[in-house]
Each structure stands twice: as structure tokens, then as C-alpha cells.
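Chain residues, written in single-letter form:
2 protein chains.
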Amino acid sequence: MILRMPSRHLVILVVVALVAVERLFGAGQEPAGQTPGTLVIAGGTVITMDAGRRVLSPGAVATSGPDIVAIGPPDEIARAYPQARTIHAAGRVVLPGLINTHTHAPMVMYRGLADDLALKDWLEQYIFPAEAKTVAPAFVRTGTRLAALEMIKSGTTTFADMYYFEEEIARVTRRAGLRGVLGETIIGFPSPDAKTPAEALQRAAAFIKEFSGDSLITPAVAPHSMYLLEKEALLAARDLAIGNRVPLLIHLAETEGEVETSRRKHHASPVQFLESIGFWAPTTIAAHGVWVDDDDIATLAGRDVGVSHNPESNMKLASGTAPVPRYLAAGVAVGLGTDGAASNNDLDMFEAMRQAAFVHKLVSRDPRAMPAAAALEMATIGGARVLGMAGRIGSLEPGKRADLIVVRMDAVRQTPLYDPISHLVYVTRGDDVETTVVNGRVLMEGRRVTTLDEPAVLKEAQEMAEEVRKAVRR
Amino acid sequence: MILRMPSRHLVILVVVALVAVERLFGAGQEPAGQTPGTLVIAGGTVITMDAGRRVLSPGAVATSGPDIVAIGPPDEIARAYPQARTIHAAGRVVLPGLINTHTHAPMVMYRGLADDLALKDWLEQYIFPAEAKTVAPAFVRTGTRLAALEMIKSGTTTFADMYYFEEEIARVTRRAGLRGVLGETIIGFPSPDAKTPAEALQRAAAFIKEFSGDSLITPAVAPHSMYLLEKEALLAARDLAIGNRVPLLIHLAETEGEVETSRRKHHASPVQFLESIGFWAPTTIAAHGVWVDDDDIATLAGRDVGVSHNPESNMKLASGTAPVPRYLAAGVAVGLGTDGAASNNDLDMFEAMRQAAFVHKLVSRDPRAMPAAAALEMATIGGARVLGMAGRIGSLEPGKRADLIVVRMDAVRQTPLYDPISHLVYVTRGDDVETTVVNGRVLMEGRRVTTLDEPAVLKEAQEMAEEVRKAVRR
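Residue numbers (my numbering), protein chains in the order written: chain A, 1 to 474; chain B, 1 to 474.
Worth double-checking, as some hints may not be accurate.
Quick list of the computed label-pair ranges, beta carbon to beta carbon [claimed, not checked]:
{"no.": "1", "chain 1": "B", "residue 1": "S57", "chain 2": "A", "residue 2": "A138", "range": "25 to 35 Å"}
{"no.": "2", "chain 1": "A", "residue 1": "G302", "chain 2": "B", "residue 2": "S276", "range": "50 to 60 Å"}
{"no.": "3", "chain 1": "B", "residue 1": "K133", "chain 2": "A", "residue 2": "P455", "range": "21 to 31 Å"}
{"no.": "4", "chain 1": "A", "residue 1": "D294", "chain 2": "B", "residue 2": "L235", "range": "44 to 54 Å"}
{"no.": "5", "chain 1": "B", "residue 1": "G302", "chain 2": "A", "residue 2": "S276", "range": "52 to 62 Å"}
Output of the computed footprint for chain B on chain A, the stretches with three or more beta carbons under 8 Å from beta carbons of chain B [as the list claims (entries may be wrong)]:
{"no.": "6", "region": "287–297"}
{"no.": "7", "region": "385–393"}
Where chain B lies over chain A, by a calculated footprint (3+ residues, C-beta under 8 Å) [claimed, not checked]:
{"no.": "8", "region": "43–56"}
{"no.": "9", "region": "116–127"}
{"no.": "10", "region": "167–180"}
For the record, the hints were derived by calculation from the structure and aren't laboratory data.
These numbers were taken from a predicted model, which means no experiment stands behind them.
Glycine included, each C-beta is placed from N, C-alpha and C at the ideal position.
Chain A extracted, bound-state conformation (with noise of 0.2 Å):
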């Protein structure tokens, strides 16, 4: 399109816009990329999630540009970082940082909109019409920016999301600081962002091109699933994923809809035929694996698949639950996923941690099923096994990346305090995280974000919801 406007009027307009873009991102803040000076983390109880599952209370963690430098008593670390910056921890818990292992970051857009319906209604009355008629890189950017503020306000520090526009996803997650594992989404149908699978698969090379090597974004390449993919794009995907070394993202098993779809077209199950085609990569993501047998277990186990367990998405659309102990037992490893806030309707991973540890105990009617000890490893070295980043997150060692948050642990529900770890995973929810860091910069202190501007978010995201409200109005 060519704009006819008055030169004048057009420069005025880009500064507008400048502007509006600059506000959304706050005032103040390091410049996203700038490494982050030496920060001591000091007090409190440490909870490291390492081999030896290391609890310091109190203890200190130092950071020295996107790394853990050191852990160890506070005395001790006070006199080996007498320059550093320090945030104070005493009587709170420091961990590592949440991993949220399945996501559709965007769709915080969608949350509430429509709930309680049979999944065929939910999808062809509200999300289907909505996100035909809504996603848009604009969209895609405020729902981002949304999604972020809510997942540094509560803990999370990593993500894997699967979406359209991803480029436009990872984007919003640099400048906002957050680590990602962002697969652009393929899928056989006509998509906001490509007519065919083929269109989608060179916007997944390009996407994958302009984020190789980024310190905080791992592109990725998600088939959106077996049953809503053909053999060849399935097989392109992986091929793709492997020749950059990149993850492989995939909904898989979710539905007993999906068994049985692919046991009349296959002859198999989801797993089995993805295997009979030869579909895995070093790193793929399957997400929900609810509907799988002990072969399928076997399978995944012996080809290095992780799974995203996402418990409150997969009650609230009434999918099933996934045999999580089972998959532990088998080694496969397992993670925590929010699913999108349209099927949730929150990004919080504490209330993920917290139904985890219930629903096992009620499925498997056994109270030990799952403890709380079991909820809080998914959620956070689990989680970076699932994403084939274990070495890096996921625990506070050494070495690793600084991806840490304090916890308030002083609330009146979480009054008498006997064990944080049970209280982190049966008591406190995302708003009582106070501080958080990924790869050594400060996101939110004292529950102030740092690289959103938290007011003019909501408001951009309140105004976005009319365009949504319009999309399914009938």
C-alpha cells in the first residue's frame, strides 16, 4: 500500500508510534543485551534443584553476567562478592526459575472468552473465528507482551511456545528478557501467517536464521500435530529441525479423538506412527501425551522424547490425564506446561505444580503419587531436560545460567511454615514471587517489572480485546 500522506503528518506519526512502542517497554531499564553486572542474591532459603537436591537455608547465590557464579552460605559469599549488588532474600525462597514447557503465548488474548463448552464448540464457535479474524502481528505483539508480563510477574522464566507470527513472539520475549523455546507453527491448513504447510515451513527456516545463536531465544519448528499434518510435512519439519540443530515441537496423544483418528487412518497410535515414519529428533517436545500405552511409554522413552504434562488444560477441556509417574518410571523425562490462558485460563506455574501433585494422587488413588518434591522437579529441572537444556537451567549450580526468582514465603496462608517446598507447591501462587532474574538481569523487583511498562500493556491488551469481542459476536 502506498500512503498518500503528507510527509510531514508521516514523520510525526512514526514518532507517535516510537513512542507508543518505547512506553510499552518501560522506562528505565537496562538495554535488552547489555550484560548484566555481579548481583548477589543473599538470605533466605536457597532450594538449588541440583543432583543432590541442596537446600541452603540461609544461603546466597552469585551472579556474574548470565551466570551462577557461586552458591554457598551468605557469610561466605559476601566476602567473595564485597562489590556486588545485592537483593536482600532473608525469609524468602530462592529457586530456579519456572519452565513452561507448553504455551501459546498469544492467547492470553483468548482467555475467558468462551468456557465449559464441548471442545468441538469451544474451537468452531470462539477460537477458530477469533484467531481467523484476529491474529495479526499486531495481535501477536500484544498478547506477547501480555503473556510476559504475567510470566515474569509469576516465576516463569522460560517458555516453549508454539504459534503463528513467532518471529514476532521472540521478539517481544528478548526485549522483555524472558528465555524461549519458540516453534513456529506448521499446520495443514491455511494459518494467519502461511496458505500451506510449505509457506510455513520457509517462514520456520527464516525465523530460525534470524534467531540463530541468540542468547535468550531457541527457534524451533512445531508441526502442529500428526492428525492435522500429512506424512510429508511432518518428515519436512523434522528434517528442518535436524539440519539446524534446532528442537521439534508436536501436540501429541492429547485427545482419545486423536488414537482413534489415527488408529483408522494408520493403523497405529499417534506414537507408534510417528515412529513407523521415522518423525523424532535429538530434541523433540511432545506435548500432553495423555493417550499412550506402555508401548508408546517404551517408544518415546528409547527415542529421548520429552513430554510436557499440562494438568489444568487438559482437566478444564476434559482430555484426560497423562500417566506421568509411568513416564517417570520409564525415564522419559517430563515437564510442566500451562497450555495457552484459553485453556487454563492462567500462565501461573505454581497452580500447574499444584493441580500436578493432586490429580496424580486422585487418578492413580494412591496420596504418595506424586509429591510435592515431584511437582516442583517437573516444573523446574524436568522442565529444562524436556527442552534439552538441562545443562544450562533448570537448577542453581555454577555455572548455569542466572535464571532464578524469591518467593515471599510470609503470607497468612502460608503461616506456619514447616517445609517450603510444600508450601511452594500447596500454598503459594505466582503473585507471591517478589524477584526475577534471567540470564542475570533483573526482570521484576519488588514485584516492579523491569522491562514492561505494566500499565500501558494492560491498557494496549484491553483495547485489543474489543477487536476479539467483535470477532465472535453473532
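Take the given structure of chain A and dock chain B to it, following the hints.
Positioned in the frame of chain A, the structure of chain B alone reads:
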């Protein structure tokens, strides 16, 4: 015990004690029992939960003394009550105070003490020893103050309770300004407050007498369960309830083990055994009701027994899931409860709503099984029906008591807002409650509780927790 202390020291001690008690209950609040003046809650979305499920947006509620006197458009109410003190609720949601139909308030002192154990180990190694060594009047007062603080801060205005030293719970509850249906426990073994069921029944009779006619406290009788009491004690408890026209509270069909025991001993399910002995009173509140068949449901419906559904506790202890949709279809009144905080681990009724909405979708494999509105109904007017108080509380209507809460709706996780009822159930937490009013009295405004001194209550609980730690140390 005779005190040999010099009288001067004794006087000082008494003064110090009185000051300490005063401190726990906060300074500057209106004395308990004082008639509140006229109050208007203006602006905001008023969700009445009346028979027509009227929602006024914006709306206003006027109260006079303990009663709601008018509900209507804000300008109309402002004209009618120009002198009233006004609480502004623009952008908020105003709804009936939440009703917790089953808890054991002082057990907040055991939250997170032990989790994720087989029921027998949890009870025998932790809860029973802790109760045997710590439950005493001072412990019950401390625990109830902590529980009352948590309930006020999370929007619960009425709770039903079963514990020991229930008169202490009642005194603290009245002073904190909450409404309670409080049942003195009758149990078949020596308990902290009674050696025998007969002694417990005497205590219950005295308790009922003390609180007869109280505007906030409804005294009740709480025979623990059909498996921990003989027929004679169950019927004596029933007679006490009927003779004094007070509610009868009991745990019923919570675990499969209870049903097996009942069938072995009585050749009948727990419900049919109670039916066979004519146990029911005009207001009977059965907690849990997980393991029931169609005959049991028909019996409960026919006897007007209300069921308290405790989804979180039933999941955490792996008890099972009450067949709530079938209860509702049969016309049984169903409310929500948290159970004691030892098995939850909090008293947040928003979490109870969310869990109810989630778990019934999962177990019925139908996302339509428990819509958000149905969960909200159980937490308000449904709970009022269970307690036999639907004429007084559970909805916002002129003539009912002024028990209401104002809830913020502007958190990041609540943005955007398409449907306030969806948000109340799926993304709201107790911490979002800004104002709590019971019987026309403001118990919390702007998150500041007026009837309890929060720091003093927390300190007292932390000190008491030391006794709990000692009690379970091995």
C-alpha cells in the same frame, strides 16, 4: 492450680495478658456486636446470585445495620442513601461472601506439617500425635485467629466447622466478625476436650446454650462419623440437635474404606446405615459424600441432607470425587468446602471453586460438566442451602444479611476481562478480595483487616508452631 505469686506481680501479668489479647484483635475497630451504620458499595459489577441470577453492571448495594436494604443502579442508590458511608467498587466485582461448608479451622496450625503420605501414616505419625500433644484452648484460639484472618482475607464470610473446644472457636469467630455454623465434635475415643462421647455431648449442650440466639454464631452438634461412633452416641447427637433446633454435622462416605467397614459391620452403606437408625435432623450437613450410589443419593435427597463437597482435600488425600452432577440432578443441596488446611493446604474458596470446575470435567470426561457459574453457585447460595441459611445469606437481596465481598479484577492474569464469572472461578484468588463485609460490618477494607491484628496473629501462630514441631519430632 493455686498461684503463689505476689499479688502485685499477678496484677501486672493480668494486665499484660489483656493487652496482648487486645493486640491480637487489632486497634481502632468498632467493638464486636456494635450495630453498623448505613453503608453503600457503589459501582462495579454486582453479581447477586438471586433467583434470577441478576447481574448489575454497574450496580450498588445499600446496607443498614446487619441487613441489605437495596440493590440497584449506583445513581439511584446514591440518591436514596445520601448520608451513607460509601465504599467505591468501580472496576471491581461485588458478590455474596463465600460460604465454606466444611473445615476444621484450628488445623491451619498443621498446614504443610506432613503431605503426600498414605492416609494411615499421615494420621498416625503426624496428625493424631500433634493433636494429642497440642490441642488445648490456647492452641484452638491461636489457630482460629489465624484461620479467621485467612478467611477474611480470601473472601469467606461464613464457615461450617467441626473441631474440639468449639466454644473457643466460637468466641474468636464472633470477635473476628465472621459468621459460623460451629459444631462441637462428638467422637468415639478420648479427645482433647472430652474423655467420652457422653462428656462431649454435655460440652456440646453447654456450648449450644452459650451461643443460642447469637447473631453470628449458629452452634451445632458434630458427631464425627458413623465409623467412629456407636449407634447410641449418633442418636444422642441427633436428639441434641433436634431438641435445640441446631444443625447436625457429620463426615459421611469420605473414603472407600469407610464404605467397606460399614458394609462389613452393618451390611449397609454408611448412608443406608444412618437411614436405618433414623439419624437425620431437619438440618444435616454431610461432609464429602464421595462414595455413594444412586440409592444413597435418593436417600439424602429425600431427607433434605446437604452435602459439602471438598474437591481439594478429596484429591490430596486420594479419597475420590463426589458425584456432584448426580447430587444436583437429584435435588440435593451441594456446597463447597476446603476441609482443614492440613489436607488442602489453605482455606481459599476461590481455589475450591476452580478445583470443583476442573475435577468434574475430568472425571465425567465432559467439559460442560461443571460450568464456572455452577461452581460459583455452590460457593454462595448452594452453600447457604446446605447450612439451612438460604433465607439469610448466599445471595445479595434486600432483607438478607449484608455478607458481601468486593473483588479486584485488574491483575495481569485477569486481563482481558470478557466474563466476570469465568474470571472469578478460573483466574481469581483469595488475595484479589479487597473488601469483606459480614452482617453489615466491614471486616477488611483495602486488604487491611480491621478485626484482627495481622502481624500479632502471625507471630502468635509462628510461636505456637514450635509446639507442633516438638510434638511430631522423632
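Evaluation of the provided hints:
Separated by about 29 Å at the C-beta atoms, B/S57 and A/A138 satisfy the suggested range of 25 to 35 Å. Between A/G302 and B/S276 the Cβ separation comes to about 57 Å, which falls inside the hinted range of 50 to 60 Å. Roughly 52 Å separates the CB atoms of B/K133 and A/P455, a value that falls outside the hinted 21 to 31 Å. Evaluation of the 44 to 54 Å hint for A/D294 and B/L235 yields a pass: the beta carbon distance comes to about 52 Å.
For the hinted restraint 52 to 62 Å between B/G302 and A/S276, the CB-CB distance of approximately 57 Å keeps it satisfied. Remark: the region 287–297 of chain A is not confirmed as covered by chain B, as 0 of its residues place a Cβ nearer than 8 Å to a Cβ of that chain, below the required three. Against chain B, the region 385–393 of chain A contributes 0 residues with a C-beta closer than 8 Å to a partner C-beta. That does not satisfy the three-residue criterion, and the hint is violated. With a threshold of 8 Å between beta carbons, the proposed coverage of the region 43–56 of chain A by chain B is violated, since 0 of its residues qualify and at least three are required.
Only when three residues or more bring their CB closer than 8 Å to a CB of chain B does the claim for the region 116–127 of chain A stand; here the count is 5, and the claim holds. Counting residues of the region 167–180 of chain A whose C-beta lies closer than 8 Å to any C-beta of chain B gives 0; at least three are required, and the coverage claim is violated.
The structure fails to meet hints 3, 6, 7, 8 and 10 from the earlier list, while all remaining hints are met.
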